[in-house]
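Student: So you can see what is in the structure, the chains are spelled out below.
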Amino acid sequence: MTDTVTTTALSKWFGPKVAVSEVTIGFGPGVTGLLGPNGAGKTTLMRVVAGLQRPSQGEVSVLGENPRKTPAIYKKMALVPEDEAIYERLTARQFITLAARLARVSDPEGNTQRVLETVDLVDSAHRRLAGFSKGMRQRAKVAAALVSDPEILLLDEPLNGADPVQRAALIKLFEELGTAGRTIIVSSHVLAEVERMAGRVVAMVDGRLAAVGSVETIRGAMTDRPRQMFVECSDPRALAGGLIETEGVVGLQVSEGQLRIEASDAGAVALAMPALAVERGVSITRLEPSDESLESVFRYLVDTR
Amino acid sequence: MVLAVHLYKRLMRKGRVISLLALASVPGFVYWLAGFDSDPADQGALYSDIITNVGYTYAIAVLILTVATLREERDGGTLPYIYMRPIPRVTLAIWSIIAGIAAALTIAVGGWLATVLATLAVGADLPMTLPGLSLFVAAAVGYAAIFVPLGYLVPRSLLVGLGYIIVIESILAEVVTGLAQFSIWRISVSIYADLATVLGDEAIEALGSVSPGVGGGVLKLTAALVVGLITLTLALQRRDVL
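Chains A and D, in that order, are what the protein sequence lines are.
For what it's worth, the working numbering labels the leading residue of the first sequence as 1, then goes sequentially.
For what it's worth, the working numbering labels the leading residue of the second sequence as 1, then goes sequentially.
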């Protein structure tokens, strides 16, 4: 699919500190998770894409336009900023209606009601934002961003402070928007969240792109790292005895009822496993890769830097 | 318009408005104190002396108010809610300056009303206070035109603004003739001086080398507005918002 947001050799520095370095990437419809530890440059990248900060070098294009030069693009793009900044004196309804009016949305009141229902804030809409919990503020910010029905939505740590129920609801909402063809870019340092909602992951470390793709693709491309497998079986010691001679096994760790395998060729090991189990009279109750989660992949990426 | 109303409401917080109205009312208060002991024939001159000299407190009130127009949004991190809208930057700048002017005018009316009340209290002629309104209004427009962009551009804008009012307008413009032409306060006083029927010696001294004249004053204020607008527009276009 065509990319709606692209950056070309994008760099942003503040004095001697380089926040984003030579990032060339495209974002298209669907949910993309922007992942990285604190200070990786996620927020700066989002701000530059949003037009809030000028690139020090390189270019940003949103639907073919430079957001710094074409304010009209904000009819189609919205941002939920990371910080807690919000108009505390306004009620949730006033805040969202203000966003609607500034965005020149037709029927501001009607659209405000629509997004309040979407984020489940109707009952609290009359309350001042100052009295809102962090999670409720996040939802109000998401509602303010959604009120103009944007084609591109930038979400900087949108689940911060939200309770589990709110998180689940917001993740579902972002997934639905992505499925509906919107470009949703979600930054987070909570890996499980990104893994849950994003089909594509962009990992950043020290201002640079560390990896792009699905979690499986990224892990698959990391050929220099042995794959880890976890086996639960009746006799791990006996199974380990057979595996040690199997080609591709580079490490084994036995504990009670469990066996951890490090393999340079996980496929070959998995294929050899059933025959070995039968031969040694071991019954396997569980066999799974233990390092294909986003967390493992991300740890690898950070460690290699 | 929505933007100007939003910014205006944000500026006009109760606590701030009360304290700034108090500051802007200082000339009225001083006139009330001084007016009781003065000769009724001199009250017109006294009024002009006080509002043109003590009126700097109003300038400071307008400074405090107008630098906050976009600075508060920027420092508070809420500027993206305004900036990321399909509004041309020049329009954003225009509405911001209008909001600053409207807020300054609100304080202006308060400051002027204080002088009206003081005039009533000392039993002087009420009509002499009418030109005083022109001084407050002109200063509101002129200061908002330069302080709204200053607030956006400079983190310590309050300090820089105070430096402008105290060092440049009050001290340097006294001795450097050319500098007086760029003093918003003196430009405002020149409009007042053209409209006032009586001017005291200190009011004439406050005017310095600037000639009285409504036309010239309005022209200079218009120039200040244009410069402020261009500066703010360019700043919104070129500088990082956060």
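Calculated directly from the structure, the hints in this document are not laboratory data.
Do not rely on the hints blindly, as some may be mistaken.
Unchecked claim - EDC-like mimics (lysine to aspartate or glutamate), calculated; alpha carbons at most 16 Å apart, straight line:
1) A/K172 with A/D206
2) A/K69 with D/D240
3) A/K17 with A/D206
4) A/K134 with A/E88
5) D/K14 with A/E88
6) A/K76 with A/D3
7) A/K172 with A/E117
8) D/K9 with A/D107
9) A/K69 with A/D83
Unchecked claim - If you only want the chain D side, here are some residues facing chain A, beta carbon under 10 Å, derived:
10) Y8
11) R10
12) E174
13) A223
Just so you know, these numbers come straight off a predicted model, no measurement behind them.
Each residue gets a CB set at the ideal place from its N, CA and C atoms; glycine is no exception.
Student: Report holds or violated for the interface hint on D/R10, using the least CB-CB distance to chain A and a cut-off of 10 Å.
Tutor: Where the cut-off is 10 Å and the nearest Cβ of chain A is about 8 Å from D/R10, the hint holds.
Student: Holds or violated: are the alpha carbons of D/K14 and A/E88 at most 16 Å from each other?
Tutor: holds, 15 Å
Student: Given D/E174 as an interface hint, is its Cβ closer than 10 Å to any Cβ of chain A?
Tutor: The hint is violated - D/E174 has no Cβ within 10 Å of chain A, the shortest such distance being about 40 Å.
Student: If you draw a straight line from the CA of A/K134 to the CA of A/E88, is it 16 Å or shorter?
Tutor: Holds: A/K134 and A/E88 sit about 12 Å apart, inside 16 Å.
Student: Compare the distance between the alpha carbons of D/K9 and A/D107 with 16 Å, and conclude whether the hinted pair is satisfied.
Tutor: violated, 23 Å
Student: Regarding the pair A/K17 and A/D206, is the alpha-carbon distance no greater than 16 Å?
Tutor: holds, 11 Å
Student: Quick check on D/A223 please, does its C-beta sit within 10 Å of some C-beta on chain A?
Tutor: D/A223 check fails; min Cβ-Cβ to chain A is 27 Å, beyond 10 Å.
Student: With the threshold set at 16 Å, check whether the alpha-carbon distance from A/K172 to A/D206 stays at or below it.
Tutor: violated, 30 Å
Student: Straight-line Cα separation of A/K172 and A/E117 no greater than 16 Å?
Tutor: holds, 14 Å
Student: Within 16 Å, alpha carbon to alpha carbon, are A/K69 and D/D240?
Tutor: Roughly 13 Å separates the two Cα atoms, so the pair holds.
Student: If you draw a straight line from the CA of A/K69 to the CA of A/D83, is it 16 Å or shorter?
Tutor: Given that 16 Å is the threshold and the Cα spacing comes to 25 Å, the pair is violated.
Student: Any CB of chain A closer than 10 Å to the CB of D/Y8?
Tutor: violated, 13 Å
Hint compliance for this structure: hints 1, 8, 9, 10, 12, 13 are broken, all remaining hints hold.
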